[in-house]
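One-letter residues, chain by chain:
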Amino acid sequence: MTMHVLHGGRDGLSSPLARLAPSRWDVVALPLVLGLLALLVFGGHEVAQPLSQLERTPITLDPWTLPYYALRTTLRMMAALGASLLFTLIYAPLAVKSQRAGQILIPALDILQSVPVLTYLSFTVTFFLGLFPGQVVGAELASIFAIFTSQAWNMTFSFYQSLRTVPSDLEEVCTGYHLSTWQRFWRLEVPFAVPGLVWNMMMSMSGGWFFVVAAEAVTVGSTTITLPGVGAYLALAIEQRDLGAIGWVILTMLGVIILYDQLLFRPLVAWADRFRADTVQAEERPTSWVLTMVERSTLFRTLGRPAGGAARATLRWRLPALPKLPTPRFSPRAIRMGDFVWQGALALMALYVAAHGIQFMATGVTWGDVGHVVLLGLATMVRVVVLIALAAVIWVPIGVMVGMRPRLAAVVQPLAQFLAAFPSNLFFPVAVAVIVHWTLNPDIWLSPLMILGTQWYILFNVVAGAQAYPVDLRDVIANLRLRGWKKWRDALLPGVFPHLVTGAITASGGAWNASIVAEAVSWGDTHLQARGLGAYIAQMTTEADFPRLVLGNVVMVCFVVLFNRLVWRPLYGYAERRLRVS
Amino acid sequence: MNPTPKSLRAAIGSALGVHAPADLATAGITPAGPRPTASNAPILTVRGVSKRYDADPDSPLVLDHVDMTVDRREIVALLGRSGSGKSTLLRIIAGLLSATSGQVSVAGKPVSGPANDVAMVFQSFALFPWLTVLENVQVGLEARGVPPAEMRRRALAAIDLIGLDGFENAYPRELSGGMRQRVGFARALVLDPGILLLDEPFSALDVLTAETVRTDFLDLWADGHLAIGAVLLVTHNIEEAVQMCDRILVMSSNPGRVAAEIEVTLPHPRVRTDPAFRQLVDHIYGLMTRRRKAAPGIAETLAAGLSLQLPHVSTNVLAGLMELVDAAPHNGVADLPVIASALQMPTDDLLKVAETLQMLGFAEVVEGDIRLMPPARQFAQAELDVRKRLFADHLLQRIPLAGHIRRVLQERPNHRAPRPRFETELEDHMSETAADETLKAMISWARYAEVFAYDGDTAQFHLDAEEEA
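Here the protein sequences come in this chain order: C and R. The numbering used here applies: residue 1 is where the first sequence begins, and numbers increase by one. The numbering used here applies: residue 583 is where the second sequence begins, and numbers increase by one.
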């Protein structure tokens, strides 16, 4: 939110008296601010309780406790989002400013985002509990960290991409007009990155809801954390086979996500619009009543002024200039040598870590296990591929038809976005009940759960692609009377293909991550398992079999990274090169 | 290398019978009297500046031993075509790039890194889209740590001066191109720089807007409202240079050098239709076409072999120019400035097309004139298949690369060759970007002439199916 106050002072030319007169927006603003403040204080107080408090007040299925649980869950999400933002603002600049740091930081990010979110939780939970013995804070931190790992990576990638594509003429302005590194960061680099960053924050949040549900009630060996929250409520409802309670939890999430959208993301998107670097006046700009309120109500402006002034003052910071060291000019040969040494050191470090990892795995893993796990990985991969293909077959025709009808698209777009944010694991118990009732094969019928939540990205992107389909090409289709399969093959599919690939990449990443939750599902004492890598990792987590857990994760990371390199990247490159309709 | 500036200056001066160059400057804020002795030292001195393409000592020279000065109260133009290194020179002066050798000083201080006494206006305006007009203008002051109240006062004054009053709170995307560039000017002027650097500031504007912004700036300058020492303008527009400047430095290309220096002593305001104005423009056109080495005759073209860089000019444009010059009233010979102003085409683009025709043996470009050769006149009146045959003949005779690729394809049993094979060969002689443009030009010309084909999917050259049979 710092960014907002930085630019909040643009109404500075009106008279001071006019600024202080309350506006009609204050009627909404005042209760909203006070209410949010109260909730924040209350929630914060609860977090500071000792751990024994949790045991004294166990989770109940009383629907009236749900608002409170929702508050706790929401605060966790906020904290994780804040941490992700901070991480992004530090990690990405490091990777860009130092070429050598980038050589290790960017591949590391690639790996980090391929590691299943729940694995982070199982590996760090004991650490966080040990950090604050006997305090709720430790458990909270563990779950916040897990949510963080579901949000941070793609935000960091987005910021990194933005930093690398900052327009060179604006960079020249910064250099030529003597902006310091600090000023350049806040005046050019961060604003330029805002639209991409906000978009990725929304995506992160959508992913986060899925994992927060899973990260509030987790058992790693003998350690069990149950934090008051929507996820813990769900876990209890599953344990007690209470379908009514599941209905309540779905309803609660519905409300929470709508509130989040209205109070946080709509305003953010509307606000981020001013940072778009193109200088053309867009016809339709996103709006948000909350942003309008913030900008027009006297309350917010009065509150915002000192903050805005302080932020502007930080922009004027000038550190005493460092003494100018003569920068030695290295010959190209010397630079190549330096690169060689650096890369050699990195390789040695990687070897060292790998050797340790292998040594650790060797304590509890046989070659038979390795073969078994790779086979399980293949099984999960087949599921992912088949499901993405199925989802594409279903959603591409629908998406194109929706996208070509602007009014329908205006309804479907937010709906798809909402469905993508909705934690699909809330519906898993329903699926289990169905599978048990009809005695279906879990190997097949559990699979759709993997893509339940992420298929919407395909729909979402295809609709966007169809909306962007050039009007003149549509006229050509009509003029040449292209029909049926020929119309799809020659005209429509190539047009939306780049968007389809973008959506499918997101969906497939999500499906791999979801496999851990989706391949092993419970309903009371009924446990269903599909044979797959996700179920394997889930099982090793509950059994706290760390060598096998490491093995499962290493194999999954390999699958995801190779899949990205060998399938998605070439497809994406092809789509960008050949099929981009400009 | 620099034979005529003095005699030329004298010739133009006497032909036009105009006043001393300092006349317009004396109205300014500097002490009265022509060229006050107190500030006789030039505000900008460039001594022996060379710049290589990259750190590699064997890489091609972009600038070759450039010497120049700008005096106080002077507007000087760096006039040249793309590839003359004029923008590179401007960035070295601004301290945005460092020279490979040589020295630049501004106000007597050697430049290393962005200089304090310099402010630049950019071709693309380069405004921060997320800042208001006022905030954009304040950016440079903020970076210098000027206190808020003073910053605001100075920025508002600059906005007022440049005619943006009332737009303080507008965002750049709400402004027209002309208004945006005024913001660019205000942002630079508010710093009171010793020298104002203008990097083709009007070339992204339409003709009418450019004219308005230009004359408004000149009026401010002439009336002494600007607290700047001097102006250095980079442009490829000859008329713009003649209209604005006291002195024009004509740059030659590959590598960039100062090829001629012309003093402009016409009184202000200068009128484009004035015969003296036109005469000077014609002179400079002649200079720019005469001094070009990159448009070699046949002997040089063939000698250049594979190191010959090809400009990516569409065959449609080539045919269009041939048709235009062939038709009445030109009947095969035309004055390039006349064509340029009739077509509203930038000098640079038109010269590039004319020289491509010369390279292909369709025309001669001498002293600002283009003269079509007999094959070109035949081309202009022929049907498509005759045109293709004519073009193919000239391509194979004149462009060594065309013959080379065709020979390689004929020698290979499957008559196919991958693009990288020629790319690496070209990169022995030129930069990667130049090699890429050369191949692109080659491909589009060869496709038109049907001398060989290229398959973009597989990135392979091949002989046409009909020829294989």
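Any given hint might turn out to be false.
Stated by the list, open to error - Below, in silico cross-link-like pairs of lysine to any residue (SDA-like), each with a Cα-Cα straight-line distance of 25 Å or less:
no. : chain 1 : residue 1 : chain 2 : residue 2
1   : R       : LYS934    : R       : LYS970
2   : R       : LYS691    : R       : SER785
3   : R       : LYS1022   : C       : LEU579
4   : R       : LYS1022   : C       : ARG578
5   : R       : LYS970    : R       : GLN926
6   : R       : LYS934    : R       : PRO1000
7   : C       : LYS486    : C       : ALA362
8   : R       : LYS970    : R       : PRO956
9   : R       : LYS934    : R       : VAL920
10  : C       : LYS97     : R       : GLU1019
11  : R       : LYS934    : R       : VAL990
12  : R       : LYS691    : R       : PRO711
13  : R       : LYS970    : R       : VAL920
14  : C       : LYS97     : C       : THR74
15  : R       : LYS970    : R       : GLU1009
16  : R       : LYS1022   : R       : GLU1009
17  : C       : LYS486    : C       : LEU473
18  : R       : LYS691    : C       : GLU172
19  : C       : LYS487    : C       : PHE497
20  : C       : LYS97     : R       : GLU1009
21  : R       : LYS691    : R       : GLY727
22  : R       : LYS1022   : C       : ALA575
23  : R       : LYS691    : R       : SER706
24  : R       : LYS934    : R       : GLU905
25  : R       : LYS1022   : C       : ALA83
26  : C       : LYS486    : C       : LEU390
27  : C       : LYS97     : R       : ARG829
28  : C       : LYS97     : C       : ARG333
29  : C       : LYS97     : C       : MET78
30  : R       : LYS691    : C       : HIS178
31  : R       : LYS934    : R       : SER785
32  : C       : LYS97     : R       : SER694
33  : C       : LYS97     : R       : GLY677
No lab work stands behind these hints, which were simulated from the structure alone.
Outcome of the hint check:
1. Only pairs whose Cα atoms come within 25 Å are accepted, and LYS934/R paired with LYS970/R is accepted, the gap being roughly 21 Å.
2. Annotation: proposed proximity of LYS691/R to SER785/R is violated, straight-line Cα distance about 31 Å (limit 25 Å).
3. The hinted pair formed by LYS1022/R and LEU579/C meets the criterion: a straight-line CA distance of about 20 Å does not exceed 25 Å.
4. With a C-alpha separation of about 17 Å, the suggested pair LYS1022/R and ARG578/C falls inside the 25 Å cut-off, and the hint holds.
5. Between LYS970/R and GLN926/R, the direct Cα distance comes to roughly 29 Å. Violation of the 25 Å bound is thereby established for this hinted pair.
6. Restraint check for LYS934/R and PRO1000/R: the C-alpha separation of about 29 Å exceeds 25 Å, so the hint is violated.
7. Taken as a hint, the LYS486/C and ALA362/C pair is broken in the structure, with Cα atoms around 56 Å apart against an allowance of 25 Å.
8. For the proposed pair LYS970/R and PRO956/R, the alpha carbon gap of about 16 Å is at most 25 Å, so the pair holds.
9. This hinted pair checks out: LYS934/R and VAL920/R have alpha carbons roughly 16 Å apart, not beyond 25 Å.
10. The hinted pair formed by LYS97/C and GLU1019/R fails the criterion: a straight-line CA distance of about 31 Å is larger than 25 Å.
11. The hinted pair formed by LYS934/R and VAL990/R fails the criterion: a straight-line CA distance of about 29 Å is larger than 25 Å.
12. The straight-line distance between the Cα atoms of LYS691/R and PRO711/R is roughly 34 Å, outside the 25 Å bound, and the hint therefore fails.
13. Taken as a hint, the LYS970/R and VAL920/R pair is broken in the structure, with Cα atoms around 29 Å apart against an allowance of 25 Å.
14. With a C-alpha separation of about 35 Å, the suggested pairing of LYS97/C with THR74/C is violated against the 25 Å cut-off.
15. Of the supplied pair hints, the one linking LYS970/R and GLU1009/R is violated, its CA atoms being roughly 29 Å apart against a limit of 25 Å.
16. Distance restraint check for LYS1022/R and GLU1009/R: the Cα-Cα separation of roughly 14 Å lies within the 25 Å cut-off, and the hinted pair is therefore satisfied.
17. Distance restraint check for LYS486/C and LEU473/C: the Cα-Cα separation of roughly 15 Å lies within the 25 Å cut-off, and the hinted pair is therefore satisfied.
18. At roughly 21 Å between alpha-carbon atoms, LYS691/R and GLU172/C fall within 25 Å of each other, so this suggested pair holds.
19. Annotation: proposed proximity of LYS487/C to PHE497/C holds, straight-line Cα distance about 14 Å (limit 25 Å).
20. For the hint linking LYS97/C to GLU1009/R, the alpha-carbon distance of about 30 Å lies beyond 25 Å, and the restraint is violated.
21. Proximity of LYS691/R to GLY727/R is assessed by CA-CA distance (about 22 Å); at most 25 Å being required, the pair is judged to hold.
22. Between LYS1022/R and ALA575/C, the direct Cα distance comes to roughly 22 Å. Compliance with the 25 Å bound is thereby established for this hinted pair.
23. A distance of roughly 29 Å separates the Cα atoms of LYS691/R and SER706/R; the hinted pair therefore is violated under the 25 Å criterion.
24. Straight-line distance between C-alpha atoms of LYS934/R and GLU905/R comes to about 17 Å, which keeps the hinted pair within the 25 Å bound.
25. With a CA separation close to 49 Å, the supplied pair LYS1022/R and ALA83/C exceeds the 25 Å bound.
26. With a C-alpha separation of about 21 Å, the suggested pair LYS486/C and LEU390/C falls inside the 25 Å cut-off, and the hint holds.
27. Restraint check: the Cα-Cα separation between LYS97/C and ARG829/R comes to about 42 Å, which exceeds 25 Å; the hinted pair is violated.
28. Distance restraint check for LYS97/C and ARG333/C: the Cα-Cα separation of roughly 22 Å lies within the 25 Å cut-off, and the hinted pair is therefore satisfied.
29. For the hint pairing LYS97/C with MET78/C, the CA-to-CA distance comes to about 29 Å; that exceeds 25 Å, so the pair is violated.
30. Pair hint LYS691/R plus HIS178/C holds up; C-alpha atoms about 17 Å apart against a cutoff of 25 Å.
31. Among the hinted pairs, LYS934/R with SER785/R is consistent with the structure: their alpha-carbon atoms are about 17 Å apart, no more than 25 Å.
32. A C-alpha spacing of about 21 Å is found between LYS97/C and SER694/R, which places the hinted pair at or below 25 Å, so the restraint holds.
33. Simply put, LYS97/C and GLY677/R have alpha-carbon atoms about 20 Å apart, close enough for the 25 Å limit, and the pair holds.
Checked against the numbered hints given earlier, this structure breaks hints 2, 5, 6, 7, 10, 11, 12, 13, 14, 15, 20, 23, 25, 27 and 29; the rest are met.
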